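Asks: Hints in hand, dock the two standalone chains.
Taken in sequence, the protein lines are chains E and B. Heads up: the first sequence is residues 0 to 43, going by numbering that gives the first Met the number 0. Heads up: the second sequence is residues 0 to 98, going by numbering that gives the first Met the number 0.
Calculated directly from the structure, the hints in this document are not laboratory data. Source: prediction; values computed, not measured. Do not take every clue at face value.
[Unchecked claim] No more than 30 Å apart at the CA atoms, straight line, and that leaves these computed lysine-lysine pairs for BS3-like: (1) E/18 with B/22; (2) B/1 with E/6; (3) E/13 with B/22; (4) E/18 with B/44; (5) E/18 with E/6; (6) B/44 with E/6; (7) E/18 with B/1; (8) B/1 with E/29; (9) B/44 with E/13; (10) B/22 with E/29; (11) E/29 with E/18; (12) E/13 with B/1; (13) B/44 with E/29.
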Amino acid sequence: MAEIGSKAPELSLKSHDGKTIALADFRGSKWVVISAYPLAFTGG
Amino acid sequence: MKPFEERGAQLLGLSCDSVPALKVWAQSLGGINYPLMSDFHPHGKASQALGIFNAEGGYPMRSVTIVDPEGIVRAFHTYPPGTLPQPDAVLAELAGLQG
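This is chain B alone, in the form it adopts within the complex (with noise of 0.2 Å):
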């Protein structure tokens, strides 16, 4: 996403979608310019490891993990249901934490 990409990061989706389910949604949103990573097997692996894995639901609680270049987090936020993250409130963040 070039706001991001303006800013030196890497902007990455994740949730426990299988790979082609998450290739058929980029296509119904008419393409999608950033990755869209698949946590589906072995089911939330990857979510667990960064702590937002809903054993009870069975996918990861909505948020955001900012992590810098040297692999540190540096932020990370959760979105409780019926909200989204803000695009550009996660910008600023990033821009702040940069200085």
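Excised from the complex, chain E in its bound form (with noise of 0.2 Å):
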């Protein structure tokens, strides 16, 4: 479980596109809303 107040993990991973997303590229500017989800095609 992610705990509030902690410091997010370093993540930097592929996305659909084939760009690569890190979350330091928001550092500074935007909040980020991670939205997780078990499988694709299987109802979001």
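Replies: Put into structure tokens, the structure is as follows:
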């Protein structure tokens, strides 16, 4: 479980369009909302 | 996704599906306007770091994590099977956190 007030882990992942997205890309500029789901094609 | 952009936020999807599977899924939905991130390899590494990996199933729990611009986790919710996060509720919480 992510602990409120803790530092988010450094994530860097490929996205569906082949780009690499890192949480650090948004540091200092944007809020980030990570919506995780078990499996694609299964209702979001 | 526009309502999130308007609040200065980036919405990111996260699952353990491969990039090609996510690409086909996005196409099947008629395109998707936010990144669907692939936690396929090393399998579940990001989900584990976020503390949302279901080791038995091999996939992340349905959940929403809100991170502020300083990289601090400000909100975290999980959703039981059969339920989905409601974008309006997530946006309202985001607005509350932003003050």
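Asks: Compare the structure with each hint and give your call.
Replies: Hints and how they fare:
Only pairs whose Cα atoms come within 30 Å are accepted, and residue 18 of chain E paired with residue 22 of chain B is accepted, the gap being roughly 12 Å. Between residue 1 of chain B and residue 6 of chain E the alpha-carbon distance is near 26 Å, which keeps this suggested pair within the 30 Å criterion. A C-alpha spacing of about 11 Å is found between residue 13 of chain E and residue 22 of chain B, which places the hinted pair at or below 30 Å, so the restraint holds. Only pairs whose Cα atoms come within 30 Å are accepted, and residue 18 of chain E paired with residue 44 of chain B is accepted, the gap being roughly 18 Å.
A distance of roughly 24 Å separates the Cα atoms of residue 18 of chain E and residue 6 of chain E; the hinted pair therefore holds under the 30 Å criterion. Restraint check for residue 44 of chain B and residue 6 of chain E: the C-alpha separation of about 17 Å stays at or below 30 Å, so the hint holds. Restraint check for residue 18 of chain E and residue 1 of chain B: satisfied, since their Cα atoms lie roughly 20 Å apart, inside the 30 Å limit. Distance hint between residue 1 of chain B and residue 29 of chain E is fulfilled; the C-alpha atoms sit about 14 Å from each other, no more than 30 Å.
Only pairs whose Cα atoms come within 30 Å are accepted, and residue 44 of chain B paired with residue 13 of chain E is accepted, the gap being roughly 13 Å. A hinted pair counts as satisfied when its Cα atoms are at most 30 Å apart, and residue 22 of chain B with residue 29 of chain E qualifies at roughly 25 Å. Taking the CA atoms of residue 29 of chain E and residue 18 of chain E, the gap is near 18 Å; set against the 30 Å cutoff, the hint holds. Among the hinted pairs, residue 13 of chain E with residue 1 of chain B is consistent with the structure: their alpha-carbon atoms are about 22 Å apart, no more than 30 Å.
For the proposed pair residue 44 of chain B and residue 29 of chain E, the alpha carbon gap of about 23 Å is at most 30 Å, so the pair holds.
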